[in-house]
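There are 2 protein chains.
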Amino acid sequence: MHAILDEGYMCHLGFVRDGAPIVLPTLYARVDERLYLHGSTGSRPLRMTGQADPGLAVCVTVTHVDGLVLARSAFHHSINYRSVVVHGIAHQVTDPEEKRLALDALVDHVVPGRSRDSRPANTKESAATAVIRLDLDEVSAKLRTGGVNDEPEDLALPHWAGVVPVHKGYGTPLPDPDLAPGTELPDYLAVR
Amino acid sequence: MHAILDEGYMCHLGFVRDGAPIVLPTLYARVDERLYLHGSTGSRPLRMTGQADPGLAVCVTVTHVDGLVLARSAFHHSINYRSVVVHGIAHQVTDPEEKRLALDALVDHVVPGRSRDSRPANTKESAATAVIRLDLDEVSAKLRTGGVNDEPEDLALPHWAGVVPVHKGYGTPLPDPDLAPGTELPDYLAVR
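Chains C and R, in that order, give the protein sequences. Here the working numbering is used: the first residue of the first sequence is 1, the next is one more, and so on. Here the working numbering is used: the first residue of the second sequence is 1001, the next is one more, and so on.
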């Protein structure tokens, strides 16, 4: 489950408001047995948390698509994927030191090594950034791997069958037009 | 919103069970002003729908990540993305003809043209496949595009800043080892 979580950085955060489900994409990072989720203080899930608050019941889901499984029969079409679902009570991070570590983790989860190569948040910026914490207590994983599972009587059908691998790719980094003169592409981006 | 929905095939479906949020990944397809979502009849959201049921309040979210925005300051790090959030009451599809069209749409949404090049579901398979319908009545989109938004006083910092494009890619299709002799890779896969 750690490996699945560590491979991504975008999760879907679910919570309940006025009895109705809400699902929003947001950034996350895993630190030990805990997830940190990013959000602006104005965002709806975070307004419901806080020191005087008992926390917010959430479901955080991370999904990686690995392949399209094309069977001879429409019924056996499938997706190779890995997903992790975390249930729990999320709390807003208020301790300044924990928040600093969480913000570094969020940046480094997207681009490892990046937090050391950027200006850290100042007090005002840190206050304007909400972070919520979710312990990895109730976690489940689900995945599909492998090839096509057609019925034996379908194997002779003339339809192509197999798996189309799916992967995430990165394009050439596009530098900001106002880069300070002599600023080179850092190694942690060149290897992507 | 249609363009964002049509570009993907995996959504995150949120619903409420016993007061707690649940978020699960599943396949979807858009047909006109309606989404169809795939699930096995044993899955939790679908057990709650059905003919005698008033439907299930759901939130369906589709997110595409387009780029990593690396600012000189940690605070201004961001993600270029496009997402659509659909709220509504989902209903199980019970009409056989609507279900047949929905299943074709689900297959074609992942690989355009594929439904015509596979054996259609028989009655038993169709009965074993649950499809839920969600009208596109309450839909919102959110996105970020463009470059880095650093503070003016940070522009001279020595940190590289810019955007790393993110895209989904497909690998070489891996044929099933039991393909009928002479089965060629179809054109709709060769061009991916």
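I should point out that these hints are in silico values taken from the structure, not numbers from a laboratory. All C-beta atoms, glycine included, are put in the ideal place defined by N, C-alpha and C. Each hint should be verified, as a subset may be incorrect.
Some but not every residue of chain R turned toward chain C, in silico, with C-beta under 7 Å [what the hints assert, rightly or not]:
(1) F1015
(2) A1020
(3) S1078
(4) S1118
(5) L1136
(6) A1141
(7) T1145
(8) G1146
(9) G1147
Hints versus structure:
no.	hint	in the structure
1	F1015	5 Å, holds
2	A1020	5 Å, holds
3	S1078	9 Å, violated
4	S1118	5 Å, holds
5	L1136	16 Å, violated
6	A1141	12 Å, violated
7	T1145	12 Å, violated
8	G1146	11 Å, violated
9	G1147	6 Å, holds
Going through the hint list in order, the structure does not satisfy hints 3, 5, 6, 7 and 8.
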